[in-house]
Amino acid sequence: VLVRYFLDELIEENQEIVLLNGRCYEQESVPYKAFDTVIDNLTQYLNDLPAEELITLIPSHSLALARLFPVLRRVEGIAAGKKNIIIPDSQELRLRAFAALRQLFTELGSKYPVIIYIDDLQWGDLDSIFLLNELLRPPKPPLLLMVFSYRSDEIETSPFLKSLFASPIINLVNSQRTIVDELSKEDATRLVLQLFQQETLSNERIETIIEESAGNPYFINELVYYAQQSSKSKNKTGALNFVLTQNTLAEDVSISDTRLEDVIYSRITQLPLPAQRLMEVIAVAGRPIERLIVKRAAELDREEQAAIALLRTNNLIRVRGLEESDKVEVYHDRIRETIAKKLSLESLQTHHSKLVLVLESVGNIDPEILLVHFQGAGNYKKAAESAALA
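In terms of my numbering, the sequence shown opens at residue 3 and continues consecutively.
Among the clues, some could well be false.
Unchecked claim - Here are the simulated EDC-like pairs of lysine to aspartate or glutamate, each with C-alpha atoms no more than 16 Å apart in a straight line:
{"#": "1", "residue 1": "Lys-113", "residue 2": "Glu-55"}
{"#": "2", "residue 1": "Lys-384", "residue 2": "Glu-362"}
{"#": "3", "residue 1": "Lys-329", "residue 2": "Glu-387"}
{"#": "4", "residue 1": "Lys-187", "residue 2": "Glu-156"}
{"#": "5", "residue 1": "Lys-187", "residue 2": "Glu-209"}
{"#": "6", "residue 1": "Lys-343", "residue 2": "Asp-264"}
{"#": "7", "residue 1": "Lys-343", "residue 2": "Glu-292"}
{"#": "8", "residue 1": "Lys-187", "residue 2": "Glu-213"}
{"#": "9", "residue 1": "Lys-384", "residue 2": "Glu-301"}
{"#": "10", "residue 1": "Lys-164", "residue 2": "Glu-209"}
{"#": "11", "residue 1": "Lys-329", "residue 2": "Asp-129"}
{"#": "12", "residue 1": "Lys-384", "residue 2": "Glu-370"}
{"#": "13", "residue 1": "Lys-164", "residue 2": "Asp-129"}
{"#": "14", "residue 1": "Lys-344", "residue 2": "Glu-292"}
{"#": "15", "residue 1": "Lys-113", "residue 2": "Glu-18"}
{"#": "16", "residue 1": "Lys-164", "residue 2": "Asp-183"}
{"#": "17", "residue 1": "Lys-329", "residue 2": "Glu-306"}
{"#": "18", "residue 1": "Lys-356", "residue 2": "Glu-292"}
{"#": "19", "residue 1": "Lys-384", "residue 2": "Asp-368"}
Derived by calculation from the structure, the hints in this document are not laboratory data.
Quick caveat, the model's predicted, so the values are computed rather than measured.
Please construct the entire structure, taking both the sequences and the accompanying hints into account.
Below is the structure:
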């Protein structure tokens, strides 16, 4: 949210900025995946240029670059080149392709301000490190502003981040790290107004959103989005269907509609049933837990992968790997607390019962974990047995 706000402000100040967005996906296995969507957007940008400008940007060894990133073959100036080139080996191909991309960004950066933004960098691959080092190495690297966002709790576990921060290139460029923590009231207010895209919100509305979100940018975004969607829904079902301005959208929802727990639970209840059930089990588990265990406890089979993907896309869970033995957890503790509070006692006990059955079948489980779930299931005899072993 904050990065988007920052980039939007820059573009508003300078319409000539070339913004190339990218994102890493944990379950994607393509080479150079930190740059994969960046190159997709670069391809689109190049195709939109007039032919006479495009030709000035086409680098030497452009076909080697297109071998590394086949999407670039859609660019006319590259597609029109020689179809067959002889490259001794894969190492030479990579060197030529890296040099070509560096040359392209050098030419582009000499004409326009260029920003490359890559989100979820913790999922980047080591191939991308080699490409990044080649782009930024001295002498005379391209004039680029590169903005990366990543989860700070992955710094010690992500191979990409560990390699990045151990690389000498970090000390050779002008770099700055910013930890995004709870926002000050002033910054939170600015973010709320930016997201609503107008400045006629009542002080009461702003105060409510900031108080409910506790200054967390993620929850500010959720509250604003929910308020806007609720307004649109009310407008559609009302007796009169007026065309609402953004100001009307902002003030149409009552203050009580922006309670964070209601916003979170609304998101959960709108999920497809398999994803909703999986989300409830993950929340009731209360700690990082293996995917296989929650899959069985939620009684899912093939639906599990689609459900996991949907929950990740909606920033409701964190997944720490691709295998069933890897762990999954709720994205934020406020989400877990809300689900636990909203579920009926019967649903809570059912989820705890199914979790403990699966855990016992797996074996070699910490008795303290079993104790929690036996208590939650209302099986106090088994809970006492686990307590004695803990």
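Outcome of the hint check:
1. Lys-113 - Glu-55: Answer holds: Lys-113 to Glu-55 is near 10 Å, not above 16 Å.
2. Lys-384 - Glu-362: Roughly 12 Å between the alpha carbons, so the hint for Lys-384 and Glu-362 holds.
3. Lys-329 - Glu-387: Answer violated: Lys-329 to Glu-387 is near 27 Å, above 16 Å.
4. Lys-187 - Glu-156: violated, 28 Å
5. Lys-187 - Glu-209: It holds: about 9 Å lies between the C-alpha atoms, which stays within 16 Å.
6. Lys-343 - Asp-264: Answer holds: Lys-343 to Asp-264 is near 11 Å, not above 16 Å.
7. Lys-343 - Glu-292: violated, 23 Å
8. Lys-187 - Glu-213: holds, 9 Å
9. Lys-384 - Glu-301: violated, 23 Å
10. Lys-164 - Glu-209: violated, 40 Å
11. Lys-329 - Asp-129: violated, 25 Å
12. Lys-384 - Glu-370: Measuring from Cα to Cα gives roughly 12 Å; hence the hint holds.
13. Lys-164 - Asp-129: This hinted pair holds, its Cα atoms lying about 14 Å apart.
14. Lys-344 - Glu-292: Since the Cα atoms of Lys-344 and Glu-292 sit roughly 24 Å apart, the hinted pair is violated (cutoff 16 Å).
15. Lys-113 - Glu-18: Holds, at about 9 Å.
16. Lys-164 - Asp-183: Distance ~21 Å between Lys-164 and Asp-183 Cα, so the pair is violated.
17. Lys-329 - Glu-306: holds, 14 Å
18. Lys-356 - Glu-292: Distance of about 14 Å is within 16 Å: holds.
19. Lys-384 - Asp-368: holds, 14 Å
Going down the numbered hints, you'll see the structure goes against 3, 4, 7, 9, 10, 11, 14, 16, while the others check out.
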